[in-house]
Amino acid sequence: MLKYKGKLREIIKEKDIKQSQLAVDAGVPQPYISRFDKSEQHNINNLFAVAKALGISVEELFTAEESDEDGE
1 MLKYKGKLRE IIKEKDIKQS QLAVDAGVPQ PYISRFDKSE QHNINNLFAV
51 AKALGISVEE LFTAEESDED GE
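Going by full-length UniProt numbering, the letters in the sequence shown line up with residues 1 to 72, in that order.
Accuracy of the hints is not assured; some may be wrong.
Pairwise CB distance ranges (calculated) [said to hold, decoys possible]:
{"hint": "1", "residue 1": "ILE17", "residue 2": "GLU66", "range": "16 to 24 angstroms"}
{"hint": "2", "residue 1": "SER39", "residue 2": "LYS18", "range": "17 to 25 angstroms"}
{"hint": "3", "residue 1": "ASP68", "residue 2": "SER20", "range": "32 to 40 angstroms"}
{"hint": "4", "residue 1": "GLN21", "residue 2": "PHE48", "range": "13 to 21 angstroms"}
{"hint": "5", "residue 1": "VAL24", "residue 2": "MET1", "range": "35 to 43 angstroms"}
{"hint": "6", "residue 1": "MET1", "residue 2": "GLU59", "range": "15 to 23 angstroms"}
{"hint": "7", "residue 1": "MET1", "residue 2": "SER57", "range": "20 to 28 angstroms"}
{"hint": "8", "residue 1": "ARG35", "residue 2": "LEU2", "range": "16 to 24 angstroms"}
List of simulated lysine-lysine pairs, DSS-like, C-alpha gap at most 27 angstroms [as the list claims (entries may be wrong)]:
{"hint": "9", "residue 1": "LYS7", "residue 2": "LYS52"}
{"hint": "10", "residue 1": "LYS38", "residue 2": "LYS7"}
{"hint": "11", "residue 1": "LYS3", "residue 2": "LYS52"}
{"hint": "12", "residue 1": "LYS38", "residue 2": "LYS15"}
{"hint": "13", "residue 1": "LYS5", "residue 2": "LYS18"}
{"hint": "14", "residue 1": "LYS13", "residue 2": "LYS38"}
{"hint": "15", "residue 1": "LYS3", "residue 2": "LYS38"}
{"hint": "16", "residue 1": "LYS52", "residue 2": "LYS15"}
Because the hints were derived from the structure by calculation, they are not lab data.
For every residue, glycine included, the Cβ atom is placed at its ideal position computed from N, Cα and C.
When you get a sec, could you build the whole thing from the sequences and use the hints?
Here it is in structure tokens:
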């Protein structure tokens with residue numbers, strides 16, 4: 001089973017920008033940015049806004065990992 005994990009913190013570090021600046025650029029609350037990688041649910045509009053502000057696709061905000069859980 002695949003599990004998706006956010007990698008926004010990694011992207012922010014690579015692009016050398018601050019969470020607060022990304023929040024302003026994307027028009028989303030700063031706490032959304034700081035909790036992004038830990039959250040399991042995301043508002044689709046926020047995802048597109050963050051991706052657009054970073055100049056990347058929504059898919060690039062996540063990485064897929066194989067999970068040992070069988071979902072039961």
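Now for the hints, and whether the structure bears them out:
The supplied range of 16 to 24 angstroms is broken by ILE17 and GLU66, whose beta-carbon atoms lie about 31 angstroms from each other. Taken as a hint, the range 17 to 25 angstroms holds for the pair SER39 and LYS18, whose Cβ atoms sit roughly 19 angstroms apart. For ASP68 paired with SER20, a C-beta distance near 37 angstroms keeps the hint of 32 to 40 angstroms intact. Range check, GLN21 to PHE48: about 18 angstroms between beta-carbon atoms, so the 13 to 21 angstroms window is met.
A C-beta distance of roughly 37 angstroms is found between VAL24 and MET1, which places it inside the suggested range of 35 to 43 angstroms. Roughly 19 angstroms separates the CB atoms of MET1 and GLU59, a value that falls within the hinted 15 to 23 angstroms. Range check, MET1 to SER57: about 23 angstroms between beta-carbon atoms, so the 20 to 28 angstroms window is met. Taking the beta carbon of each, ARG35 and LEU2 are about 22 angstroms apart, inside 16 to 24 angstroms as hinted.
Simply put, LYS7 and LYS52 have alpha-carbon atoms about 15 angstroms apart, close enough for the 27 angstroms limit, and the pair holds. Taking the CA atoms of LYS38 and LYS7, the gap is about 9 angstroms. The hint holds against a cut of 27 angstroms. Between LYS3 and LYS52 the CA atoms are separated by roughly 24 angstroms; this keeps the pair inside 27 angstroms, and the hint holds. Our distance criterion of 27 angstroms between C-alpha atoms is met by LYS38 and LYS15, whose separation comes to about 20 angstroms.
Of the supplied pair hints, the one linking LYS5 and LYS18 holds, its CA atoms being roughly 20 angstroms apart against a limit of 27 angstroms. Between the alpha carbons of LYS13 and LYS38 the distance comes to roughly 16 angstroms, so the proposed pair stays at or under 27 angstroms and holds. For the proposed pair LYS3 and LYS38, the alpha carbon gap of about 13 angstroms is at most 27 angstroms, so the pair holds. Between LYS52 and LYS15 the alpha-carbon distance is near 14 angstroms, which keeps this suggested pair within the 27 angstroms criterion.
In summary, the structure is inconsistent with hint 1 from the numbered list given earlier, while agreeing with all the others.
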